[in-house]
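2 protein chains.
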Amino acid sequence: MYRTHNNGELRIKNIDQKVKLCGWIQKSRDLGGMTFIDLRDRYGITQLAFNEELNKSLSEKARNLNREWVVEIEGIVRERSNKNHKINTGEIEIEAEKLTILNKSKTPPFTIEDETDGGEELRMKYRFLDLRRRPLQKNLALRSEMSIEIRNFFHQNSFLEIETPYLIKSTPEGARDFVVPSRMNKQQFYALPQSPQTFKQLLMVSGYDRYFQIVKCFRDEDLRSDRQPEFTQIDCEMAFVNQQEVLETFEGLIKFLFKKILNIEFQDPFPIISYDEAIEKYGSDKPDIRFEMELTYLDDLAKGKGFKVFDESESVVAINVPGCAEYSRKKLDELSDWVKRPQIGAKGLVYLKYNLDQTFKSSVDKFYDSSSLIKWVNKCNSKPGDLILILSGKKSSVQTQLNELRLLMGSRLGLRDSKIFKPIWVVDFPLLEKDETTNSFHAMHHPFTSPKKSDLEMLETNPEKVRANAYDLAINGVEVGGGSIRIHDRNIQEKMFEILGFSKKEAEAQFGFLMSAFEYGAPPHGGIAFGFDRLCALFGGKDNIRDFIAFPKNNSGRDTMIDAPSHLDKQQTEELGIELPKLKD
Amino acid sequence: MYRTHNNGELRIKNIDQKVKLCGWIQKSRDLGGMTFIDLRDRYGITQLAFNEELNKSLSEKARNLNREWVVEIEGIVRERSNKNHKINTGEIEIEAEKLTILNKSKTPPFTIEDETDGGEELRMKYRFLDLRRRPLQKNLALRSEMSIEIRNFFHQNSFLEIETPYLIKSTPEGARDFVVPSRMNKQQFYALPQSPQTFKQLLMVSGYDRYFQIVKCFRDEDLRSDRQPEFTQIDCEMAFVNQQEVLETFEGLIKFLFKKILNIEFQDPFPIISYDEAIEKYGSDKPDIRFEMELTYLDDLAKGKGFKVFDESESVVAINVPGCAEYSRKKLDELSDWVKRPQIGAKGLVYLKYNLDQTFKSSVDKFYDSSSLIKWVNKCNSKPGDLILILSGKKSSVQTQLNELRLLMGSRLGLRDSKIFKPIWVVDFPLLEKDETTNSFHAMHHPFTSPKKSDLEMLETNPEKVRANAYDLAINGVEVGGGSIRIHDRNIQEKMFEILGFSKKEAEAQFGFLMSAFEYGAPPHGGIAFGFDRLCALFGGKDNIRDFIAFPKNNSGRDTMIDAPSHLDKQQTEELGIELPKLKD
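Top to bottom, those sequences are chains A and B.
Counting from 1, one number per residue, gives the positions in the first sequence under the working numbering.
Counting from 1, one number per residue, gives the positions in the second sequence under the working numbering.
One or more hints might be untrue.
The list treats identical chains as one, so a pair stands whether inside a single copy or across any two.
[Claimed, not checked] Within a straight-line C-alpha distance of at most 27 angstroms, the following computed BS3-like cross-link-like pairs (lysine-lysine) qualify: (1) Lys582 x Lys186; (2) Lys56 x Lys305; (3) Lys504 x Lys106; (4) Lys495 x Lys465.
These are calculated hints, taken from the structure and not from any lab test.
Extracted from the complex, chain A is given alone in its bound form:
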């Protein structure tokens, strides 16, 4: 046996016990006759004490240990004279009697500390060392804890976890599939699932009326910091339910998790907002409602006063930033530059300071007098000392830009505390989005989302106006989940594919199995999928999902530690029946 206890376990009550511990050398201090070593494992740190007077050769051996060496130690638990109340084991130390070096370590390329000196690239290459750091260990433990609690919730609520296949059929539409050549079926390909969508719907047709799965999904697309080519979804589906029941069920899941993991209790139902209202109020379909700073439309007040920029804009929209009237010219210029960056794309920023003495200072003073501006501040509910920031232009663009500005100002004012959680359901999404360049439609969620019954008639006449039985859950401005009540009628599904530009033949070739299933007694059904990586990051109070994934890919989709993807042998590609043409530069 290598150890009797872990390094986070021993307390005063263990004093005088003989114990064995294993772990990594975190650090050592040599105080003349005494050598102290911090021994680390994922459970904590225990202090080892080597007394030169008691055992000279052992002390000598201990002094020669280096950082990250792995040792096994035998000794007696003693009360410390110098207690460390910052750690659980801080009242005791081990009087070492025997020391076995289990493995040595080269000097790590960066320090294994909470705040390391290693850069991102280096840490990715030596991920196995980065993963030794306490913050990452906490993140992965949190993730494991969340996954078990999620499953407990579903188990308590009669959901079955059913595994769906990873080797499925490629479909040319939507975001991009990873494909997998088959050896047994030469020149044919499987695809890795972007989600188990059609399979979970088939399970509903099969009568498994409460399904869930924590499952990897794959998307071959350009990566951003919060995207990974493989990501984990909490995938759920129910039959014989309406939208309200779906929302209640999964609100139950989220509340359960907040209670179990963070001990946060939500008494009230999560607020529900329509997509249209969310866009109108926040310029976003995943509003961060930890703070107000809602969008205010100033068109009626600001237009027609001779300021050409406003007059020629579709929309003039403001946010009121509390207490920022004292912003300097420099700060305002910076904000102006910020909204004009191509990532935001505003043409300019108009400000209005509502000074503490109730005077005004604005960048458009010459067009508007106080009697005009007082109406602006009234409409914006501004108080003296507040700053109004205004963008104008195409309405939908201005909304999107103001959402970004609102989030920036919220962060600056400390209104986005990562320990405060404000969930909100966004409902009544549009069914379709129009691609302005091709003049074609694509599904806002996916082609299996059902249109609202009341809007069904408009499917032919006014498809853009049709709302869907679709919903998202946003928490703190992050979309953590989304779903819909599905189509379960073959005719409506066919119509949907038609609107999306599928020929009958294409629809049949790609989704014939699902439409066939709809003809054999498909129940009404709906569901949701949560982004598990993102949910973990949110619960951990962080933005970057990578820190919650043991072995993530970098922004080029590479794992630099194992060096993947990589080139294949010619023999391998031949066996697969594929050829790699010379690449053009």
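Position chain B against the provided structure of chain A, taking the given hints into account.
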């Protein structure tokens, strides 16, 4: 709301309640004025009663319902006059008041009954209908239950579930990888993991000393009935443990599952047998120990008596089949033909009947007299009435053949009850297997398995004799899990790759990351992986793992329901940077 209860829920205590139910029409009986319908969902069956006198048009509507239509029903719970004690809801029925057809169904291509009339191929194509059948629903519910209990066990024992990546690096050795071309890294490929082996070892290096994962693995090879190109593993690893602790921990898991799922309690530790002894006694490294019928070696008794076949054989081996002395000539000929099939490959079968009157009858009477044969039956522990079956030839071949014959006879004699479970650990596997054709070695488990310390010296001098710290768990003749204590020393790992024929460069290119990790304080570690599909089938008392997978592939690796794998568009292959040459016939 579609329903207030499911179809397995209502009891006498619910009588006179107004309820809503949903489900599928299982069958209907028309008894003149009364129409009875069995409404089905995964929870059970509830009888609906339509009384023509009470509501003529509703009865009319009910009579027109067909099998597998989906309906919503409103009505009052009534006590049945004719109780059905075979089902939980058999004391009540629903006096229907309202009937809504939620969806119609074409006539299914096979009956949705426990014993269906549909052939395998048809049921695979309409898997969504096959999955409606009760036996499959029970299997998937069992699987879901097992997965939650497995996780409970691990959670209670401080294991973390950590997800490892699916897009990893391809290695040319071992069983075959599925590969995935990368769009972002043109003409480079990921591989799908055959197991998370190297990643779980890295996690040990990172200090996550108790890891598990229920995870899909992939192997592109010819399929047998118990193999799937994608399969699910319970993957586990621990650090700072020796072999005994690993065995105890996972024996704990298996006992926990038997108790929780089947209410079977194992008081004693599972027996442990060495690989050599298992082969010697059973001719198999996954012995079915529900019955004895062990191999008996007759060389000293049977050779040198003039029977050339035995004299020229390396080994003469017998099993004693209880109570089968009365086997007819025809039956014995059939057995003889059975062992001579190419799948078994024996050259012939010698029998010896030890008749009830203690006389002998054998196929080699002319070479052996009673005084010889009495020694055979004594050595075989035969009783009067038993049948001894004997094969001869190359020892290892005879052992393998007799294993098959033993299992056949065990089945015939009803000694292999699927409700009785006999686990056994097989330990001390050889480290290496010699490929006789190429004269090269490959790893019996995998290249990361550690040799026994005591055998380390033989690694250079006598590699075939080196035993590994490797173990399998067999239950009822099925290998349900296997693992090993791993190498955690770079030098030994390098040596191992060298023996396996890797050049230094190849070893570095493929597994450099792991060997590098071993230089930064790798702890001693070991683990195991269980085949989850097989474990589910075993617990379900079945042989075929396909019935425990929601959407399995057929023997050609195809999903005939979704028609995968399939051909890609030319545009897709171009984007991937690959070409498909014309196939040669």
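At most 27 angstroms between CA atoms: does that hold for Lys582 and Lys186 within a copy, between copies, both, or neither? both (22 angstroms within a copy, 11 angstroms between copies)
Evaluate Lys56 and Lys305 at a C-alpha cut-off of 27 angstroms and name the case that applies: within, between, both or neither. Answer is neither: 90 angstroms inside a copy and 73 angstroms across each miss the 27 angstroms cutoff.
At most 27 angstroms between C-alpha atoms: does Lys504 with Lys106 qualify within a copy, between copies, both, or neither? For Lys504 and Lys106, only the inter-copy Cα distance (21 angstroms) is at most 27 angstroms; the intra-copy one is 63 angstroms.
At most 27 angstroms between CA atoms: does that hold for Lys495 and Lys465 within a copy, between copies, both, or neither? within (16 angstroms within a copy, 69 angstroms between copies)
The structure does not agree with numbered hint 2 stated previously, though it agrees with all others.
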